[in-house]
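Protein sequence lines correspond, in order, to chains H and A.
Numbering-wise (the working numbering), the first sequence opens with residue 2 and increments by one.
Numbering-wise (the working numbering), the second sequence opens with residue 11 and increments by one.
Since the hints were derived computationally from the structure, they do not count as laboratory data.
Where a beta carbon is used, it is the ideal one built from N, C-alpha and C, also for glycine.
Keep in mind that the hints are not guaranteed to be accurate.
To be verified - Straight line, CA to CA, 27 Å or less: simulated DSS-like cross-link-like pairs of lysine-lysine:
1) A:K251 x A:K207
2) A:K251 x H:K91
3) A:K80 x H:K65
4) H:K65 x A:K207
5) H:K65 x A:K95
Stated by the list, open to error - With the Cβ distance kept under 8 Å, some of the chain A side facing chain H (calculated, not the full set):
6) P58
7) L59
8) L99
9) R226
10) C234
11) L235
12) C237
13) K241
14) K251
15) L263
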Amino acid sequence: MAQLSVKICGVGFSNPVIAASGTFGFGREYNELYDISAAGGVSTKGLTLEPRPGNPVPRIAEGKSVILNAVGLMNPGVEEFIKNDLSWLKSKTTVIANVAGRTLEDYQGICARLDGIVDMIELNISCPNVRAGGMALGIKPQNVEEVTRLCKAALKTTPLIVKLSPNVESIAVNARAAESGGADCISLINTLTGMVVDIERRRPVIANNTGGVSGAGIMPIALRMVYEAAHAVDIPVIGMGGITCGKDAIAFMMAGARAVQVGTANFTDSYAIPRIVRETDEWLDAHGIADVNDIVDTLKLN
Amino acid sequence: MKELLATIKENKKIAEGIWAITLTLPEKVGKIKGGQFANLSVGDDSFPLKRPLGICSVQGDDITLCYQLKGDGTRRIAEKKAGEKLSVLLPLGNGFDLGDAKNIAVIGGGVGIFPLAAVVEEHLGKRNFYSYIGFRSAGYACLEDMFARGGRLTVATDDGSIGFKGNAVQAFLNDYKNIGADLIISCGPPVMLRALKAALAGHGIATKCLVSLEERMGCGIGACLVCVCKKADGGNARVCKDGPVFGIEEVEL
Chain H
2 MAQLSVKICG
12 VGFSNPVIAA
22 SGTFGFGREY
32 NELYDISAAG
42 GVSTKGLTLE
52 PRPGNPVPRI
62 AEGKSVILNA
72 VGLMNPGVEE
82 FIKNDLSWLK
92 SKTTVIANVA
102 GRTLEDYQGI
112 CARLDGIVDM
122 IELNISCPNV
132 RAGGMALGIK
142 PQNVEEVTRL
152 CKAALKTTPL
162 IVKLSPNVES
172 IAVNARAAES
182 GGADCISLIN
192 TLTGMVVDIE
202 RRRPVIANNT
212 GGVSGAGIMP
222 IALRMVYEAA
232 HAVDIPVIGM
242 GGITCGKDAI
252 AFMMAGARAV
262 QVGTANFTDS
272 YAIPRIVRET
282 DEWLDAHGIA
292 DVNDIVDTLK
302 LN
Chain A
11 MKELLATIKE
21 NKKIAEGIWA
31 ITLTLPEKVG
41 KIKGGQFANL
51 SVGDDSFPLK
61 RPLGICSVQG
71 DDITLCYQLK
81 GDGTRRIAEK
91 KAGEKLSVLL
101 PLGNGFDLGD
111 AKNIAVIGGG
121 VGIFPLAAVV
131 EEHLGKRNFY
141 SYIGFRSAGY
151 ACLEDMFARG
161 GRLTVATDDG
171 SIGFKGNAVQ
181 AFLNDYKNIG
191 ADLIISCGPP
201 VMLRALKAAL
211 AGHGIATKCL
221 VSLEERMGCG
231 IGACLVCVCK
241 KADGGNARVC
251 KDGPVFGIEE
261 VEL
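Excised from the complex, chain H in its bound form:
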């Protein structure tokens, strides 16, 4: 049994496998299947200041080894989360609050509200934003830096993760923009924008027409981007994108991630997270590695 705990920005995680935002709610449903303290942490469903109803259905479609989703940030609002779920979730595992907003003020407001009461805050800057003219804040580096700086200013104690969108010109440039804005950590990748078409109806399957692509099929892209981002900044990196097994998690950590997030795999295998933790441990044992932190950033390029 290897030592699996990791520390990111001073925050402890019992293991490096974190549930990714949007696939795990606030943890209660998966806790009916297994004790979610098995997860190193949970990144919550994206929270906004006000409740959001989300997009019309269908909100999900499938491609080969991938899925697409366009849920549209449906959530009960940050106050309901604080009132009903936060203390329970904290009693189980490390809590990353994933947050979003329509305006920069929304981002600042929700960060200020959660400061000091969650373990980390993760900015979702991949949703359309008023400030960016309806485009996601996460696309242009100057917008990434600006929203990061404003949120960081609203936080006294809680470390800030900026979750990077892969739908950009240069992931390294945007990673550096987050770092310049004062991010304590970056996580990536958010979903790639895609489309699935029902050719009989000649319509996209998802009501929103396009959706975020995730799942095993995107892993090589995610891994390349995590490598590039991790080598562009000095702050810690949380890697994600298509992880379905322990070997995948190991690959992300070798590429420079200090921890990983698992999302779509939860749908394929409800017990994916505890299984990935176990498989990671088994791989480390089989290779005589006593501490999972020792594999971070050990990739050697050809």
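We have chain H already, so just place chain A on it with the hints.
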């Protein structure tokens, strides 16, 4: 609720485009209520999503799920042979709560009949079922015996190739004055459920009516918020967790 690696006992075509797969569960999953569903893996890594399928019948440790060949995933499931294993997450959703109802009208259309068959099976001999099940034509008809065992059965087909010519809602409307139903349960395509809602209002039928909804799903357990329906009060409900069974007046159809 558990996810288990179940062994396929039988997987066969039962009507045009409709298959029934019987799975032997390796351990108990607790009581399965009529109207609950299972999320069945396609058994191929290139299909990350499980398929939410209505549980049609429960026999000891075996469950039968029926499915329509609709896309590549269901076609792949149909290729699976007895003895192979598939991962299945169950039981999911709330199921039909029949309360004290004694005379129950069952209105099902197409693939919507599958969860209704499990309700009839569960309460066999304890309640009177008056079933109205509709199909496109004779070739698509299936599970008639399961409904017939529960009481009186009327089969309807759009083309009249067997039974009543018309749809299940029309068949029910022709008969409802004779049966004294104290509960209506229904599942079928949205167009059928909307027709049922309009018909109940139009005929001043105040009998309590429960409907089971269908939606594309992700996790199947209420975490991912993909499969929502609109509630009459303007809010959202999760079809997989808060449903799939709702009062007909509770949801927008």
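Problem - Supplied contact hint for L263 (chain A), tested at 8 Å Cβ to chain H - result: Not OK, violated: L263 (chain A) not within 8 Å of chain H, min 13 Å.
Practice task
Measure nothing beyond the straight line between the CA atoms of K65 (chain H) and K207 (chain A); if it is 27 Å or shorter, mark the hint as holding.
Solution key: Violated - the C-alpha atoms of K207 (chain A) and K65 (chain H) are around 38 Å apart, more than 27 Å.
Problem - Interface hint for L235 (chain A), Cβ within 8 Å of any Cβ on chain H - result: 5 Å, holds
Practice task
Would you settle whether the hint for L99 (chain A) is holds or violated, based on the nearest Cβ-Cβ distance to chain H being less than 8 Å?
Solution key: Holds, because the Cβ-Cβ distance from L99 (chain A) to chain H comes to roughly 6 Å (cut-off 8 Å).
Practice task
With chain H as the partner, please determine if C234 (chain A) meets the hint condition of a C-beta pair closer than 8 Å.
Solution key: Holds, because the Cβ-Cβ distance from C234 (chain A) to chain H comes to roughly 6 Å (cut-off 8 Å).
Exercise for the section: So, K241 (chain A) near chain H? Judge it on the closest CB pair being under 8 Å. Expected result: 11 Å, violated
Practice task
For the pair supplied as a hint, K80 (chain A) and K65 (chain H), confirm whether the alpha-carbon distance does not exceed 27 Å.
Solution key: 16 Å, holds
Practice task
Hold the hint about P58 (chain A) up to the distance rule: shortest CB distance to chain H must be less than 8 Å.
Solution key: Given a least distance of 5 Å, the restraint on P58 (chain A) holds.
Practice task
Go through the hint on C237 (chain A) and say holds or violated, using the shortest Cβ distance to chain H against 8 Å.
Solution key: 7 Å, holds
Practice task
Under 8 Å, Cβ to Cβ, is where R226 (chain A) needs to be relative to chain H, so tell me if that hint holds or is violated.
Solution key: Check passed: Cβ of R226 (chain A) comes within 4 Å of chain H, closer than 8 Å.
Problem - Hint check, L59 (chain A) versus chain H [nearest Cβ-Cβ separation less than 8 Å] - result: 5 Å, holds
Exercise for the section: Would you mind confirming whether the straight-line C-alpha gap from K251 (chain A) to K207 (chain A) stays at or under 27 Å? Expected result: Given pair K251 (chain A), K207 (chain A) holds - Cα atoms ~23 Å apart, limit 27 Å.
The earlier numbered hints that this structure contradicts are 4, 13, 15.
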